[in-house]
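Enquirer: What follows is the residue order along each chain.
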Amino acid sequence: MSLKGFIIRRTIYIVPVMLGITLMNFTLINVSPGDPVVVRLGLIHCDNDDCYNAAYNGEAIEMGLLDSDFYTVPWFNRYVDFVNDLLHFDLGNSWYYTQAGEGVPISQIISERAIYTVVLNVLSFFFSLLLATAIGVVSATRQNSFWDRSLTVAMLLGYSMPLFWLAKLLMLLSFQLFNFTGVANKDAFRKPLFLNPNFYKYLILPTIALTLGGLVFMARLVRSQLLEILRQDYITTAKAKGLDNRAVIYKHAFRNGLLPIVTIIGNSLPGLLAGSVMIEAVFGWPGLGTVFLEGALFRDYPMMMATNTIFPLLFLVARLLTDITYVFIDPRIRY
Amino acid sequence: MATAEHEQSTEFLLDEKTLREIETMKGAGQWSIVWRRIKKDKMGMLGLYIVIFLILMAFASWILLGFDNWLTSQGALLGDPSNPASLNNLYIELWLPGMPAESPLVLFQHPRYHFPELAKLPPSFAHPFGTDGIGHDMVSRIFFGATVSLALGFIGQMTTVIIGTFLGSIAGFYGGFIDEVLQRIIEILYSMPGFILMIFIIVLFEDVNIPGGRYAVVVIFFSLIGWGGTALIVRSNFFSLKQQDFVEAERALGASDMRIIFKHILPNSLAPLIIIVTLGIANTIFLFAALAFFGFGDPNAVSWGDDLNKWQNDLLDYPWMPMFPALFIFFTVLGFNLLGDALRDALDPRLKD
Numbered sequence: 001m002s003l004k005g006f007i008i009r010r011t012i013y014i015v016p017v018m019l020g021i022t023l024m025n026f027t028l029i030n031v032s033p034g035d036p037v038v039v040r041l042g043l044i045h046c047d048n049d050d051c052y053n054a055a056y057n058g059e060a061i062e063m064g065l066l067d068s069d070f071y072t073v074p075w076f077n078r079y080v081d082f083v084n085d086l087l088h089f090d091l092g093n094s095w096y097y098t099q100a101g102e103g104v105p106i107s108q109i110i111s112e113r114a115i116y117t118v119v120l121n122v123l124s125f126f127f128s129l130l131l132a133t134a135i136g137v138v139s140a141t142r143q144n145s146f147w148d149r150s151l152t153v154a155m156l157l158g159y160s161m162p163l164f165w166l167a168k169l170l171m172l173l174s175f176q177l178f179n180f181t182g183v184a185n186k187d188a189f190r191k192p193l194f195l196n197p198n199f200y201k202y203l204i205l206p207t208i209a210l211t212l213g214g215l216v217f218m219a220r221l222v223r224s225q226l227l228e229i230l231r232q233d234y235i236t237t238a239k240a241k242g243l244d245n246r247a248v249i250y251k252h253a254f255r256n257g258l259l260p261i262v263t264i265i266g267n268s269l270p271g272l273l274a275g276s277v278m279i280e281a282v283f284g285w286p287g288l289g290t291v292f293l294e295g296a297l298f299r300d301y302p303m304m305m306a307t308n309t310i311f312p313l314l315f316l317v318a319r320l321l322t323d324i325t326y327v328f329i330d331p332r333i334r335y
Numbered sequence: 001m002a003t004a005e006h007e008q009s010t011e012f013l014l015d016e017k018t019l020r021e022i023e024t025m026k027g028a029g030q031w032s033i034v035w036r037r038i039k040k041d042k043m044g045m046l047g048l049y050i051v052i053f054l055i056l057m058a059f060a061s062w063i064l065l066g067f068d069n070w071l072t073s074q075g076a077l078l079g080d081p082s083n084p085a086s087l088n089n090l091y092i093e094l095w096l097p098g099m100p101a102e103s104p105l106v107l108f109q110h111p112r113y114h115f116p117e118l119a120k121l122p123p124s125f126a127h128p129f130g131t132d133g134i135g136h137d138m139v140s141r142i143f144f145g146a147t148v149s150l151a152l153g154f155i156g157q158m159t160t161v162i163i164g165t166f167l168g169s170i171a172g173f174y175g176g177f178i179d180e181v182l183q184r185i186i187e188i189l190y191s192m193p194g195f196i197l198m199i200f201i202i203v204l205f206e207d208v209n210i211p212g213g214r215y216a217v218v219v220i221f222f223s224l225i226g227w228g229g230t231a232l233i234v235r236s237n238f239f240s241l242k243q244q245d246f247v248e249a250e251r252a253l254g255a256s257d258m259r260i261i262f263k264h265i266l267p268n269s270l271a272p273l274i275i276i277v278t279l280g281i282a283n284t285i286f287l288f289a290a291l292a293f294f295g296f297g298d299p300n301a302v303s304w305g306d307d308l309n310k311w312q313n314d315l316l317d318y319p320w321m322p323m324f325p326a327l328f329i330f331f332t333v334l335g336f337n338l339l340g341d342a343l344r345d346a347l348d349p350r351l352k353d
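Here the protein sequences line up with chains L and E, keeping their order.
Sequential numbering from 1 applies to the first sequence in my numbering.
Sequential numbering from 1 applies to the second sequence in my numbering.
Any given hint could be a false lead.
Unchecked claim - Cβ-Cβ distance ranges computed for the label pairs, FRET-style: (1) L:A247 <-> E:F262: 49 to 57 angstroms; (2) L:L19 <-> E:I274: 33 to 41 angstroms; (3) E:K42 <-> L:I7: 20 to 28 angstroms; (4) E:W62 <-> L:G284: 49 to 57 angstroms; (5) E:D314 <-> L:D244: 41 to 49 angstroms; (6) L:K239 <-> E:S256: 49 to 57 angstroms; (7) L:F70 <-> E:S256: 54 to 62 angstroms; (8) E:I274 <-> L:A134: 27 to 35 angstroms; (9) E:S240 <-> L:I7: 53 to 61 angstroms.
The set of hints was computed from the structure by calculation and includes no laboratory data.
The structure presented is a predicted model; accordingly, all values stated were derived computationally and were not measured.
By construction, the Cβ of each residue, glycine as well, lies at the ideal position given by its N, Cα and C atoms.
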């Protein structure tokens with residue numbers, strides 16, 4: 001089979017998994033106690049029952065729970081409608097984020113906010129990958145040296161530190177040193193974004209926090225992988241040939257260690273995404289994570305449904321990319 | 001087998017020290033060998049001590065809070081009826097020889113009893129961890145919060161591992177259709193970031209009334225969605241073990257499937273399960289603390305995560321209020337991580353550096 005066929009097959013494979021995920025979310029919402037219409041109607045004040053019933057029915061029809069003849073719509077039809085809307089990139093209107101009394105379309109919110117999450121995550125993923133490689137190589141090549149021991153202990157401490165608390169401590173430290181807490185405010189997000197110096201100023205602390213979060217996880221991994229590979233026979237052969245250490249590590253050991261590292265990092269992306277949600281919430285960074293958390297705190301069902309569709313989709317796409325990367329880094333892989 | 005050849009070829013290179021080690025281990029059971037290996041691991045022992053200390057603390061606080069009336073009636077706790085604060089054992093006091101009898105050292109207060117006039121006191125001799133915003137003594141909150149924080153981690157992780165082991169063994173042993181279905185389900189559960197899915201579920205089910213309050217709902221759903229990882233590992237273990245000769249022999253003797261699964265294959269794949277439980281408890285405690293931190297815990301519960309949530313915004317002005325709960329969460333996670341790493345090295349020496 002060709003590479004193109006492999007990629008197409010893997011891409012199509014996402015569809016049933018996504019259907020399963022949306023079905024699970026949909027079922028969870030359906031079996032949960034409480035009437036979503038009542039949650040939605042919390043803000044409407046009515047004096048008599050007629051007014052309330054009219055409002056209730058109107059709201060239920062708008063949400064698709066009742067059809068125009070006030071009959072209950074079966075959940076399967078609602079699910080088909082939901083998937084149909086999803087295919088048209090229509091995620092419904094938010095309940096919590098409103099503009100002039102109308103709910104803002106969720107796809108609009110997401111397209112506005114995604115840029116913040118992407119900038120933060122790409123930057124910190126890049127930095128943590130770079131630093132983790134450096135730390136892993138230093139630790140593995142100088143095993144049991146002073147540097148290796150102190151780096152291992154530091155990584156272990158960082159690994160055990162809750163990420164949200166690491167962010168808070170970073171905030172405290174920065175407040176003591178520079179009198180700057182890093183909690184984002186309106187100044188930071190004036191358009192044009194990338195010409196705004198404040199944006200970069202407020203980007204620093206969340207990036208450091210998220211980098212540390214990914215770093216402690218990845219550096220342990222790189223170290224143990226490299227150690228395992230450095231014990232293999234072909235490394236001894238390479239050294240015996242008279243190659244210098246740099247060539248042995250980067251040409252022979254590191255390339256072979258890359259495969260398991262890529263696998264585990266690809267599979268741990270949900271964890272890294274959750275880390276990004278935490279960091280965003282602590283620093284008030286207006287990305288998708290904050291939107292999601294605030295929506296959840298105020299029981300914004302359409303928003304939660306949308307995030308629960310988007311985050312798994314991001315993860316599946318990332319894993320697809322991981323699988324494709326395999327083919328390029330490991331010629332032994334048959335697809 | 002590649003490993004057997006490897007062992008044979010290195011047999012002649014053993015030095016004096018290794019030979020002596022082999023001599024002492026001759027005749028010892030698997031678990032006593034594992035225990036000897038852990039004892040040599042300094043970090044692992046540190047982790048074990050931390051874990052034992054925390055478990056004792058959680059048990060002590062559970063017994064003191066849950067059975068205080070019974071303990072008083074038995075004369076184990078000395079309630080003083082003339083002191084109103086002491087009526088319901090609101091204090092746990094320590095009297096040392098040489099101290100005045102009427103003012104013993106107050107060790108712990110009742111975690112729900114607070115003194116508004118004592119709010120926001122920095123750490124001092126009377127309150128080693130200070131007091132919080134409404135006058136709880138932080139030492140008491142931490143001591144009594146250990147019950148919920150640790151129990152959540154233990155119960156959550158144990159249930160996921162039991163469910164995962166059961167489903168994983170069935171899938172691994174029988175294969176075929178069951179295996180296919182299970183793998184698809186795991187695929188779906190695995191694609192959801194656990195933290196985000198848990199928030200979704202907590203928000204949907206926060207009105208459920210079941211005994212145990214909100215945390216019971218959290219633990220039930222956590223165990224329903226969290227078993228995927230365990231099931232995958234157990235499944236792959238079963239796939240390799242069911243081809244082995246001892247299973248074949250047992251089947252020839254006429255043993256039932258259930259007997260082969262639970263008496264023969266499962267005990268042989270116990271090592272990875274122990275590692276999963278230990279490292280998993282750390283992750284579970286961290287997950288529940290994170291949920292509580294972002295406001296999806298139970299504000300009425302006495303637990304570290306909820307205290308952290310309540311006082312997180314006082315970090316700059318009154319750093320001791322959120323610092324101590326966070327420190328204890330950190331210690332718990334650290335202890336279980338250290339112990340889990342040591343167990344992994346001891347149970348699977350091939351992975352050891």
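Enquirer: If a hint holds in the structure, say so; if it doesn't, say that too.
Expert: Hint-by-hint comparison with the structure:
| no. | hint | result |
| --- | --- | --- |
| 1 | L:A247 <-> E:F262: 49 to 57 angstroms | 52 angstroms, holds |
| 2 | L:L19 <-> E:I274: 33 to 41 angstroms | 37 angstroms, holds |
| 3 | E:K42 <-> L:I7: 20 to 28 angstroms | 49 angstroms, violated |
| 4 | E:W62 <-> L:G284: 49 to 57 angstroms | 38 angstroms, violated |
| 5 | E:D314 <-> L:D244: 41 to 49 angstroms | 55 angstroms, violated |
| 6 | L:K239 <-> E:S256: 49 to 57 angstroms | 55 angstroms, holds |
| 7 | L:F70 <-> E:S256: 54 to 62 angstroms | 57 angstroms, holds |
| 8 | E:I274 <-> L:A134: 27 to 35 angstroms | 34 angstroms, holds |
| 9 | E:S240 <-> L:I7: 53 to 61 angstroms | 31 angstroms, violated |
Hint compliance for this structure: hints 3, 4, 5, 9 are not met, and every other hint is.
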